[in-house]
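Trainee: Single-letter residue listing:
There are 2 protein chains.
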Amino acid sequence: MSDVESSGRRGPYAKTVQTRRTILDAALEVFAQSGYRSGSLRNVAERVGMSEAGLLHHFPSKSALLAAVLEHRDDHSTEMFNFFESTGRERLTNLVGLAAYNATIPGVVELFTNLAAESTAADHPAHEYFKDRYHRTTALVTDSLEDLQSRGELLPGVDPKSAAQRAIALWDGLQIQWLLDRDSLDMAEQLKAYFDSLMTEPL
Amino acid sequence: MSDVESSGRRGPYAKTVQTRRTILDAALEVFAQSGYRSGSLRNVAERVGMSEAGLLHHFPSKSALLAAVLEHRDDHSTEMFNFFESTGRERLTNLVGLAAYNATIPGVVELFTNLAAESTAADHPAHEYFKDRYHRTTALVTDSLEDLQSRGELLPGVDPKSAAQRAIALWDGLQIQWLLDRDSLDMAEQLKAYFDSLMTEPL
Chain A
25 MSDVESSGRR
35 GPYAKTVQTR
45 RTILDAALEV
55 FAQSGYRSGS
65 LRNVAERVGM
75 SEAGLLHHFP
85 SKSALLAAVL
95 EHRDDHSTEM
105 FNFFESTGRE
115 RLTNLVGLAA
125 YNATIPGVVE
135 LFTNLAAEST
145 AADHPAHEYF
155 KDRYHRTTAL
165 VTDSLEDLQS
175 RGELLPGVDP
185 KSAAQRAIAL
195 WDGLQIQWLL
205 DRDSLDMAEQ
215 LKAYFDSLMT
225 EPL
Chain B
25 MSDVESSGRR
35 GPYAKTVQTR
45 RTILDAALEV
55 FAQSGYRSGS
65 LRNVAERVGM
75 SEAGLLHHFP
85 SKSALLAAVL
95 EHRDDHSTEM
105 FNFFESTGRE
115 RLTNLVGLAA
125 YNATIPGVVE
135 LFTNLAAEST
145 AADHPAHEYF
155 KDRYHRTTAL
165 VTDSLEDLQS
175 RGELLPGVDP
185 KSAAQRAIAL
195 WDGLQIQWLL
205 DRDSLDMAEQ
215 LKAYFDSLMT
225 EPL
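Going down the list, the protein sequences come from chains A and B. Count the first sequence with this note's numbering and you get residues 25 to 227, in order. Count the second sequence with this note's numbering and you get residues 25 to 227, in order.
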């Protein structure tokens, strides 16, 4: 507290950022553990030692909190797997790595799977977020496949954008099957098999 | 009514079957139109000119009604596309046809997408239904790919079961992207592109 108070105008802002981050980490844990429907704002507030009213000061609604958790989670994935500073081949390898990592956090996978499905309703609070997210992730994979293509490493006849949409779709569907039955398949291995089927040399 | 009454013991049973079918058709329409969350038992009951208590006599809960709607829907698809009496190649062509047909009934696709995601929770009333459904559909596609393989029409290195799991996963994920943005992709075309990528000759 004293740090914050002594640092003038930037202090309270920095504290707000830190508080939001603490809340988002707690919310992710709560939603991942209890599911997004059962996970309550009160649980999240309790976990960070705050009142529900205090929490609502930072996030005006459960859906606003959810949206922020999703973006927070995306930032985390991006940091961990560095999708930008590498070749297309490296980026796809990183995506397969992310699929393997996701298998260690089933609650988060469950959260995303349920929200993606729910958000297909036009009036859902995360509708625009997911629409935008699919465009972004498709662009990321398209770009990676185009890089492979420019190096002559993509099989003839493969259209990068269409293959990218299939890759993202495949990943979503693998998550459903895996959540229903963890022993049914290996998400990362299946995603890799798909990418390999597009390329002259496997990942 | 008189037919039913005059036909003795089979009569009331036949009437029950017919009533259940009428309810299921109405429930599918209600859930497809209003979504499965907002669609209420009362809406369904009203549509078939029945009280809610009368409806509950046939289906003890909303989740039981949902499960029955899902099975009813599967039966309908199976009848329409005849997945059994044909070669593997014909069966896969029929699946692509089903994907094209689904694009005409977005409410049903939304219902399935949401329920599949929700049902990943072990305590969801449709959990076992979906687990079993994935096993069945995977087996159906595996069998079709094995038939192609036995005719030398599958590319070397393609494992039928693993490719079948990817096909089903792809389909689920395509539905999500399509529901979020109908112009983003053609589900049938994308599914066909995937099957074609496994085969020596396109479908």
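Since the hints were derived computationally from the structure, they do not count as laboratory data. Hints may be right or wrong, so weigh each one.
Stated by the list, open to error - Heads up, simulated BS3-like pairs for lysine-lysine below, C-alpha to C-alpha not over 30 Å straight-line:
(1) Lys216(B) / Lys185(A)
(2) Lys39(B) / Lys155(A)
(3) Lys86(B) / Lys185(B)
(4) Lys216(B) / Lys216(A)
(5) Lys216(A) / Lys86(B)
(6) Lys155(B) / Lys185(B)
(7) Lys86(B) / Lys86(A)
(8) Lys216(A) / Lys155(A)
(9) Lys216(A) / Lys185(B)
Trainee: Holds or violated: Lys216(B) with Lys185(A), Cα cutoff 30 Å?
Mentor: This hinted pair holds, its Cα atoms lying about 16 Å apart.
Trainee: For the pair we were handed, Lys216(B) and Lys216(A), check the Cα-Cα distance against 30 Å.
Mentor: Status holds; Cα separation ~20 Å.
Trainee: Quick one, are Lys216(A) and Lys155(A) close enough, alpha carbons at most 30 Å?
Mentor: The hint holds at about 25 Å.
Trainee: Does Lys86(B) pair with Lys86(A) here, judged by a C-alpha cut-off of 30 Å?
Mentor: holds (26 Å)
Trainee: Mind checking the alpha carbons of Lys216(A) and Lys185(B) for me, to see if they're no more than 30 Å apart?
Mentor: Holds. Lys216(A) to Lys185(B) sits at ~16 Å (cutoff 30 Å).
Trainee: Given the hint that Lys86(B) pairs with Lys185(B), does the C-alpha gap stay at or below 30 Å?
Mentor: Since the Cα atoms of Lys86(B) and Lys185(B) sit roughly 35 Å apart, the hinted pair is violated (cutoff 30 Å).
Trainee: Is Lys155(B) close enough to Lys185(B), meaning Cα to Cα at most 30 Å?
Mentor: holds (16 Å)
Trainee: Run the distance test for Lys216(A) versus Lys86(B): straight-line Cα separation, threshold 30 Å.
Mentor: Given pair Lys216(A), Lys86(B) is violated - Cα atoms ~40 Å apart, limit 30 Å.
Trainee: Taken at face value, is the distance from the CA of Lys155(A) to the CA of Lys39(B) at most 30 Å?
Mentor: violated (46 Å)
When each numbered hint is compared with the structure, violations occur for hints 2, 3, 5.
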